[in-house]
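Undergrad: Letter by letter, the chains look like this.
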Amino acid sequence: MRIVIVGNGAAGNEAAVNLRKLDSHCEIVMLARESYPAYSACALPDVLAGWIPLKQTFLLKEEDYARLKIERSFGQAVNKLDLSEKCLQTAETVYHYDRLILATGSQPVIPAVPGSDLAGNFVVKTPGDIERILAHKPKQVVVVGAGNIGVETASALRNRGCRVSLVEMKDRIMPLLYDQKPSALIQKILEEGIEVLTGERVSRISGDTHIKVVHTQGQDINADTVIWAAGVRQNTDIAREAGLSIGSLGGIQVDTHMQSSEAGVFACGDCVESFQVFTRKPCLSLLWSSAKRQAQVAARNCLGYLDEYEGSCSLLIEDIMGIPCVAMGLNLEALQGYEVEVIEQQDENEYFRILMVEDRIVGFQAIGKVEGSGAIFTMIKKGTPVSESRKVLLNRRLVPNLAWYIDSSQYLSCSN
Amino acid sequence: MNSKKMGMRMKRIFVNAEACTGCGLCQLLCSVHKTGQWHPALARIKIKEMPELELNVPVLCLHCSNPPCEVYCVMNLIYKDPNTGYTLRREDKCIGCRACEIACPFSAAVMDPIREVVVNCDLCEGDPLCVSGCPEGALLYMEDSEAGERKRKAAVSLGAWRASRPRDGRGSL
Amino acid sequence: MDKLIYIDHQKCVGCATCEMVCSLVHEGICSPSLSRIRVVRYPTQAFNVPITCAFCEFPPCVSVCPSGAISKNAQNGEVAINSILCIGCRQCVQACPFGHANFNFDQGTAFKCDLCGGNPQCVEYCWTEALQYLPLERALGEKREAVARNMLGST
Amino acid sequence: MKDYSGKIMEIDLSHGSIRIKDIEAQLVRQYIGGIGFNARILYDEIPIGADPFGEENVLVFAAGTLVGTPFPTASRSEASAKSPLTGGFGTSNSGAFFGLQLKTAGYDVLVIKGKSPQPVYISINDEDVKILSADSLWGKECWECVDYLEKKHYGSEIALIGPAGENLVRFASIENGRYDGWGRTGLGAVMGSKNLKAITVKGTKGRKAHDPQALLNAVKKGQQLIKSASSYHAFTEYGTLNASIPYSNFKAISAHNFTKGTLPNWKEIGGRPIVDRYGSRHVACQSCIIACGHWVELSEGKYAGIKMKDLEITPVMSFGATVGLNTEAIIKACELCQRYGVDMVSAGGVLGFAIELYKQGIISEDDVGFELDFGDDEAAFKLFHMIINREGIGDILAEGSKRAAEQFEQGDKYAIQVKGMEIPMIDPRGRWSTWTLGMLTNIRGGDHLRCRNPVENLRFNERDEEYRKERFGFKQTMYEKLDMPEELKRKTIDLENDITYIPEMSKWAEDLINLYNSVGICIRPPVMEKVGPTIIAEACQAFTGIEFTPAELMESAERTWNLIKLFNLREGEKAEASKFPRRFYEEELNGQVLDEGKIQKVLEIYYQLRGWDPKTGRPERATLKRLQLEQPGE
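Chains as they are written, first to last, in my numbering: chain A, 1 to 416; chain B, 1 to 173; chain C, 1 to 155; chain D, 1 to 634.
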């Protein structure tokens, strides 16, 4: 069987590796526009910060692909997918497939702001972007968008000694992950080294060939570099043109087996629209872990083994100026329409909040301490009723098998 | 076809919390063996105290067949060893992001604060020191099938069955 | 659950045909370690106890499963493992008070009794009537009768 | 041809090496499994004239093909080696759970070669095979060792020898756990000579069935067949003891070393009532639907405290009839045999022989150290211990009755054995049947377990003048349901005249039992009556995926039988050895002696049916050709 994978991100590579693990004979072909071997996008800010060398972000070497017998054709974009002929076209070649896995991923969006074509405008997506940023030798940086990528990039460049301004359109940083209060706390931490501007929008960038000043509604910031972290767009063009169903949020529509509207064509990673584990509503999960899990599911089903995606549940852990912060599940904004109970606690160095809906934990945000939050994450994913976990924690016979619950008690006990 | 996962016939460490006194010798042995330093915080085995129940529960990597930590590792460092079935990691490449630590339901992945990498129990390549060093027999190293058999035997001797043995014996047919 | 596998261990002779049949029916393999039902033998007492799922009302296996792979169906009371979600951590093996939760090495997942969809084959092939698939009330009736017989016999 | 998933494990104790080999499907086709494999391996591996206690003897355990399936009674494994007792093919069959564990560990056959310099035991845990020191176990009795090894190797089944095997008592057995054993032909001494104390096996794998549904169907059918047997219910209740009373009524039991034919009050001593009196529960082997074993717990009397699986016809006849002990002493004797690892039949035979020598005045109190008499349990057990420890006269008796007889004047008259192996239970003077002819044709000597008429009718005892017939005595439906090729059936059973022809039936029965021992099912009468090659072929095919026809299976069984015969002839078996001890031809029992000449005639008919030379009993070249057993260079 010939299986073609489009994309070399987390999902594409994970799918390839899983296919080979399960089937030593099938033919695996990977096509990608980028020409890098597998790399960890999540580690790119660490490179920016200077903590690890760029080469450490590469996950598979040439010889690994050879060992896994994965045929690669990187560096050429797929132009067309023909479902009836079961083939893909690049500029040079036509690739036939028996099964197809689309892992085309997403790309950062640079809004059409005057001056966004000047030298010094960057995104953080590929190792190439990092190389270019470092070659540019940034001194004064404006990071646009205070999502997790924006925040990580900002603190990474701060670590390099840059003067960094972080501009966020919404009223707080990381608005999709954290609620008001923890967001403000993190902002406070960030502001020890970074200028944070919330509720601001970049309106214009001025300079001759190179960036000189970044203009927002209220301020003019002297800068030589702008890094855009203002959101991404799903790469669904070939899927759309081929006639695959596209969901309301703009991702390729898949079932729980990660199969698209066409039998034998699977999709996984940033490009698909999956569902949230608690609300069961469609969502775009742009996380490394979701991509890998979806790729596993796609690979297994592709070979005829049953597997089912259990739903996306976000988990982000960040080191912000040396302080670990974690956000998991949903935040209040995403839970609009539900009756949410909030448990929170704060002391000098630590803060956490738990969001509960009808006896279930659905979200958790913590600053300063992450130990033991694994139990909470498991409970969010599993949907364990809190009352049940309280009950079993008192069961002497069960506790030895529930060591993982024990951790949650430090968080749950304060709501008693 | 069934959901094929990477199962493996292997011995694992089973915990008998009732026997654990919380002495921490396992942690010291582990820390010294793995890091050369003598400190419980460096051990891959943790002891959770449950004072309300007067229990100490040793916690360590369970070597799941389909480990969540593997999925959450952003550097793809965690893997199932095809020969032994152990969940292992290439620690030298770890960037210390701690995603695996939170992804593990059992909090069995441990941040090594000295090297700033996350580590887990590797069963000492098949001869776990903590097991041989436990003075109370709270850690048992055996195959799953044996654990199941012991469990069943223990269940039968709970008493309910025994109590109903007939007086006259000839009960079988 | 209106019906259950009623085990009269007094009748069991330890032939373990049930184990073999179970693994054969479910896995196509003859292997006691792949059987859902297991016989605990006490060879020095000629005492054999078959153990299978009790379909607890509050199943510990469901509580301890971190991945939500085990669930109790509120309608029919069945406790089932979705092997797709199973991560193979074997907490259920540890938690089940009867040692019923079993583990399949090769698949890397836990497995348990599914009552063969309502027609348990272990019962079908058991020749001693040590295993019977009975409505709960009937099973209890038999049990009560046995106790009563025993009491009458002893007076 | 489909591959066979079983493996052969070969352990060389001399070098401590372990080798695992695949089993070729061709071998399965030709020899099926169990005793078939053993025969081929022993024939190929043991040099001619090898010393049974030497390094070159090979001990083989093979689980039957169907062992490890739910097919009813499929639990049995065959152990074989060159016998120190007979000098020929030594082999014995046992049930319980050892075969299952061997199978689930992934092996069909366990071959043990060489000789360890120190006492060792072998521990098998799936692929993990170790040879471990048995220093601390050596000299200990079996149950103690089982307790120890069960703790150390949790969930393992254990084959082991007791002090008898260690001391090379020529009729020592290999015990299969606590209560079962590979009893006959002295295999325990072979194991002892190899310095191998025990083998623990634990398997956690399984065998994939080729067609699970077909196998389940065959199992269901097999269960129904066995349950429909006329003797089924009697056997689930009383097990093998059912035969005890009828034979006593015919005055055909081995009472007091084959001198009496029956004993007063035999029903109470060794009949079915002892099950009601002493038995408490039923015990089954793997996949068995008969559970003929009985659990005994003696709570009072001289031997209070004994708890074991017991009350089978073999110990009852051997110790109750041959030695004349009472029931509780029989139970004790059985316990002693299990603990010290001795074959019950031979032990009883040797004790009976010694007691008779004493009674005849051939040996005296000075030779023994105390008085001997039939029925004296304390004296018998004292002598038993002397045999186990090879003390005093026990050293001579430990050589088996045939060898021991050479030491005493007229000894051969009182040693009731054929080819060196003690005859069990039944006195052919009292009742002549397929079963008793089988004691002569048997490939392992004076034995009752390799030839038994599947439709034996214990209600009748009518010997014809020519020793050629026994009464069939059943209704036509029984005849019709017997799973046997029609033509052969007509030749073997004359329904009109109500006759079964003994030599014809012997050949069929031997081949059928050999087939059972190859596929690993039990020879209890309910099975023999109903389970024939057709259902076995169905089950084997469903399980292995190798196509077998019933005729092919019977031919394989016959091939194995012939190969074993060749082995025995190669080891020097003489045609004239196939005869009963002198006593049966000379001394009257119930006013009858056996006619040697007539029996010889029947034997000749049997040889011809087998395609053997009627005089020498050697397989003819055409027979070997038909069975693809031609020797290279012949």
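Hints are not guaranteed to be accurate.
[What the hints assert, rightly or not] No farther apart than 27 angstroms at their CA atoms in a straight line, the calculated lysine-lysine pairs in the BS3-like style are these: (1) A:K391 to C:K11; (2) A:K170 to A:K86; (3) A:K170 to A:K181; (4) B:K93 to A:K69.
The set of hints was computed from the structure by calculation and includes no laboratory data.
Undergrad: A separate judgement is required for each hint: does it hold in the structure or not?
TA: Going through the hints against the structure:
At roughly 38 angstroms between alpha-carbon atoms, A:K391 and C:K11 are farther apart than 27 angstroms, so this suggested pair is violated. For the suggested pair A:K170 and A:K86, the alpha carbons sit about 44 angstroms apart, so the restraint of at most 27 angstroms is broken. Distance restraint check for A:K170 and A:K181: the Cα-Cα separation of roughly 14 angstroms lies within the 27 angstroms cut-off, and the hinted pair is therefore satisfied. With a C-alpha separation of about 24 angstroms, the suggested pairing of B:K93 with A:K69 holds against the 27 angstroms cut-off.
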